[in-house]
Amino acid sequence: MSDKQERIIFDVAYQPQVRTDMDTRRIMINVMIALLPAFGVSIWQFGWKPILLVIASMASAVFWEWLYRKLMKKPSSIGDCSAALTGMLLAMTLPASAPWWLPVIGSFFAIVVVKQLYGGIGKNFLNPALAARAFLIASYSLKMTSWSVPNSLAAQVDGVTMATPMTYLYGGQTMPVYLSMKNMFFGMMPGCIGEISALALLIGAAYLMIRKIITWRIPVSFIGTVCLLNLIFGHSGYTNFEWMMYNLLSGALILGAFFMATDYSTTPVTPGGHILFGIGCGIVTVLIRYFGSYPEGVSYAILIMNLCAWAMDKAFRRYQFGVSKEDIAAMKAAKKEAAGK
Amino acid sequence: MIRSFRGGVHPDYMKAPQIPVNVVAPPPQVIIPMIQHIGAPAKPIVKVGDYVTMGQKIGDNEVPMFSPVHASVSGKVVAVEQRPHPLGEMVMSVVIENDFQDTPCTDLQPLNEFELKDPDAILQRIRDAGIVGMGGAMFPTGFKIVGGYGKVDKLVINGAECEPYLNGDHLTMLTFPEQLLKGIELLRIASRLDKAYYGIEVNKQDAIDVLMSHDPAKYGIEIVREKVKYPQGAEKMQIKAVTGREVKPGALPSGVGCNVCSTRTAYAVYQACYEGKPCIERIVTVSGSAMNQTANALTRVGTPLGYLAEQCGGFAKTPRKIVLGGPMMGICATSLEAPTIKGTAGVLFFTEEEDKNVDDPTCIRCGKCISVCPMHLEPVFMYMYYQKRDFEKMAQYHITDCFECGSCSYNCPARMPLTHAFKTAKIMFQERAAAEKAKLAAKEAAK
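For the protein sequence lines, the chains are A and B, in the order given.
Each step along the first sequence adds one to the number in our numbering, with nothing skipped, and position 306 is 306.
Each step along the second sequence adds one to the number in our numbering, with nothing skipped, and position 27 is 27.
Please keep in mind that the hints were generated in silico from the structure rather than gathered at the bench.
Careful: at least some of the hints might be erroneous.
Each computed SDA-like pair below joins lysine to any residue, with the alpha-carbon atoms no more than 25 Å apart [unchecked claim]:
| no. | chain 1 | residue 1 | chain 2 | residue 2 |
| --- | --- | --- | --- | --- |
| 1 | A | K123 | B | K356 |
| 2 | B | K57 | B | K76 |
| 3 | B | K423 | A | D11 |
| 4 | B | K15 | B | E404 |
| 5 | A | K325 | B | K57 |
| 6 | A | K123 | A | W147 |
Per the computed footprint, the stretches of chain A lying under chain B, defined by three or more beta-carbons under 8 Å from a beta-carbon of chain B, are [as the list claims (entries may be wrong)]:
| no. | segment |
| --- | --- |
| 7 | 88-102 |
| 8 | 181-194 |
| 9 | 231-245 |
C-beta: ideal position from N, C-alpha, C; glycine also.
Using the sequences and the hints given, assemble the complete structure.
And the structure:
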């Protein structure tokens, strides 16, 4: 038998010999797919402008990533689609009235400054899309806060721009009738292009959870904390439940909780860390909304908690398999005794 | 109730239990390595030119942690020399030219009625028949049972067969249910226990039904249904699912009063005691993208891998990789001339199709490795400290508790070589410990 066969050199690859199909690239593409319902709603409400913004943002993000890696003589990394996703997420946080060059500048900041300068995918400690949004708000505050009137409300609202629900809620004004909870749930409200429809975002989030790309821990603890605190503290002029629902449906909370706060690189990796991160995001969001000069707290809350992610991972060390409760108690007792001496 | 453990992955199972067992014609030459168990290697007790019968003992040793080796065909010994071992390296092997007579050896006779109830007789037979953990670990079964005396109160039989591709256990359950139950009964008697627990994943419902129809309670066996999840068949996970007990880090299963034996081991015990047949053949699943077809082949120990592939339908494409065992924990063989051994549950011939490694893997900190680790470790940090060679931190993150199931690597979207790194790190820890010991010894000597 050995005479007939030519000698083959066999690989000695390390175990396991099989691997899941869900690689980095596929995860990124899946998140983009999950954003499509929200993108669709924005086209329904704002016409062709969101399309232009998303294309400009994604194309420029990929371009910056390619250019940086090329100039630095590093292997190209646009194939993992993470730059495209960053571009899409950034576009989702812009108002529909934004000019096309705004995301181009924003994606430069996101990709080159926030991500690549720290070593590329997995090494950045701030969410690139949100950091770019913060940068754009600081630099072009007027362009970032003029909210187009959505198509469904064009009959009720005069002019081309209008205030967001957050402005009404925290500006002490009463909520106009056309900003009902139902309208806000389906996406008939002003806001950045990705945030307006809670329903579309929840469909996308459900998709991500079914594909096991995100877990419930960060979004649920985040949203839960925001809801709980709003329910407890409330606001004059609203019943506590109404207040909570308005806070839940506006201010990009759902977009932030499911798509931004679940970014892999910039959030903790341990299950305990996830919960702590979500609760922290919720508390900071509520604090900014109540006491900050700027009503939209979600993006800053996430950025602030991003900076704490590393410490949170260290705070929640798991005990390995086989360590029982008694063992942990014994370990703690021994430690105490050692400290006492 | 379906039981399980926390963590784990769901790989593509690729199983084909519907393919009936085909008997592979014994090869013209068998190569029988003297290392087919954990412990001291056997010493060949035959010379070139000797005539051996099928089942004759050809490798022996006197140490306690040991298992003898038997001829799997009858014929003439043509060589006693170093040959490639399937798990790498060259190993002393006995090469037998097959005379195709299969003249049986009469050394081992079926046990009589009384001996079948006597723990000592069964134990002696388990040792004489060279039975080892046939799930792949190849731990001498007799040694395991004796080690459990006084400590073990639960005998667990592993019927999870959680590795993808492999069908041997499933087919054994379907084809020889009564023999299998008798084999488990013998293991139970040898362990001096009243009850054995048989953990089977529920994807083998047909096998569970067949076994139930043979009244396992009569043999003192309780069947436990388990969730389909890898690595359900790992010793510690099996114990957790069946008894709810958790083996302490660094301890043996007997520390929580459990011993685990595989399905195929139980069947081998049946054959040894009721038929007087030593451990010389087993079902090997031959599959993979390089093969024309999948086969569940009843194969003699010592069959060269190339011959086995030829007999099972031949290659469709040139294989790039030979995997012995399942794809998750299996080890690569480097030669088609290497033989199958007692622990070979599967031989998989893979092409590039299965190879998903990338050149420059970058961790994206998704934390998926943490959620799947059945030992509740944190592979992402273990790998980070491994890259820095920070041994103190690695120990703090319990890297030595990793049993290399491969779940983290399997699930890693960035294709990080996690399991491989931990395996290397564990070897480095062993080397460091050895060096430390040597240093101490040198110091003692200097005094």
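Hints, verified against the model:
As the CA atoms of K123/A and K356/B are separated by approximately 23 Å, the hinted pair is consistent with the 25 Å bound. A threshold of 25 Å between alpha carbons decides the hint, and for K57/B with K76/B the separation of about 14 Å falls inside it, so the pair holds. Proposed proximity of K423/B and D11/A is supported: the alpha carbons are some 18 Å apart, at most 25 Å. The hinted pair formed by K15/B and E404/B meets the criterion: a straight-line CA distance of about 22 Å does not exceed 25 Å.
For the proposed pair K325/A and K57/B, the alpha carbon gap of about 50 Å is over 25 Å, so the pair is violated. Between K123/A and W147/A, the direct Cα distance comes to roughly 34 Å. Violation of the 25 Å bound is thereby established for this hinted pair. For the segment 88-102 of chain A, the stated coverage by chain B is not satisfied: 0 residues place a CB nearer than 8 Å to a CB of that chain, which falls below the threshold of 3. As drawn, the segment 181-194 of chain A meets chain B at 0 residues by the rule of a beta-carbon pair under 8 Å; below three, the given contact is violated.
Residue count for the segment 231-245 of chain A with a Cβ under 8 Å from a Cβ of chain B: 0. That is fewer than the three needed, and the coverage hint is violated.
Checked against the numbered hints given earlier, the structure breaks hints 5, 6, 7, 8, 9 and satisfies all the rest.
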